[in-house]
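Protein chains in written order, with my numbering: chain A, 10 to 119; chain B, 1105 to 1288.
By construction, these hints were calculated from the structure, which means they are not laboratory data. The reader is advised that the hints may include incorrect statements.
Computed list of lysine-lysine pairs in BS3-like fashion (alpha-carbon distance at most 27 Å, straight line) [said to hold, decoys possible]:
| hint | chain 1 | residue 1 | chain 2 | residue 2 |
| --- | --- | --- | --- | --- |
| 1 | B | Lys-1245 | A | Lys-22 |
| 2 | A | Lys-68 | A | Lys-80 |
| 3 | A | Lys-22 | B | Lys-1217 |
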Amino acid sequence: MKANALTELRSQKLAGKPPTAEAPRALSVVPGKSDSKSGGTRRTTATMSLYPADLDRLKEIRRKLEDHGIKRVSDSEAVRVALRHVELSADELVAAYRAMQADDQRRKQE
Amino acid sequence: MIISFVNGKGGAGKTTTAILVAMALREAGHAAAVRDLDPQRTATRWLSDQPELLDTAAPIQLLDTPPRLESATVADAIRQADSVIVVSRPSPCDLFTSQDTAALVSKLRALDKTRLLFTNVREKTILARGLDQTAQEIGIKPLKVHLQLREAYQHAVLAGWKALTQEAREEVGRVALAIVTVLH
């Protein structure tokens, strides 16, 4: 029985191997600009298309937060709340995506 | 680097093992974290006081998968991992699900980076003596080490690495080492 597995584990070169890009993990973190608005933390400006149903959902999120005394929630904050809250289950995400495609009637079904 | 812990049965020890291995890797200086893919969110809840173990940006991600072999999440986790660890208790009750899990893994990928890890092993029992035979029946090459049944492991997932005895740390270290060695 080895007496010092942790020491051996320390010597393993693992960090050099990059994460698999397409794995079901967090999206790659793209370093954004540090500025006073983000309190020195990294943020990235993104542009996205939202549909009326999405905007209604964001409005609903803001309303729920306001009900609990959290006022002046921005669209960005509402999106971030939604992202943090989402259930990362592939089954549910696929179902949501399919429903979204059906609602949009814009993209070809895969 | 992605390592997926899978078994179609709940209670096999996937979450506990993923957390313990992440702790051992971090203790050894590697940036590892558990990625909680189980909708029950057990790992997320257990690790509420150790958020660093849930760092989704850590380069080594240990995927804790749901106990549902029909789930697309499990299939994704098996396909996309650098290594798959089928976690199983040695009990006869777990054998059939572990065989089903092994069949799913072999359907989705080559088995060269897949290993079987026994958990909740009680030394000096008939089941412990028959691990090699059980592994053969499951059909996945076993790691040469296993995790014993220890109450300390349950404490550690909530209270952290320091809750483990030296002996338990060494055991988890050996398991973590065996798992990363599969990748070489």
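Each hint tested on the structure:
Proposed proximity of Lys-1245(B) and Lys-22(A) is supported: the alpha carbons are some 24 Å apart, at most 27 Å. Simply put, Lys-68(A) and Lys-80(A) have alpha-carbon atoms about 12 Å apart, close enough for the 27 Å limit, and the pair holds. A hinted pair counts as satisfied when its Cα atoms are at most 27 Å apart, and Lys-22(A) with Lys-1217(B) qualifies at roughly 17 Å.
Consistency note: the structure conflicts with none of the earlier hints.
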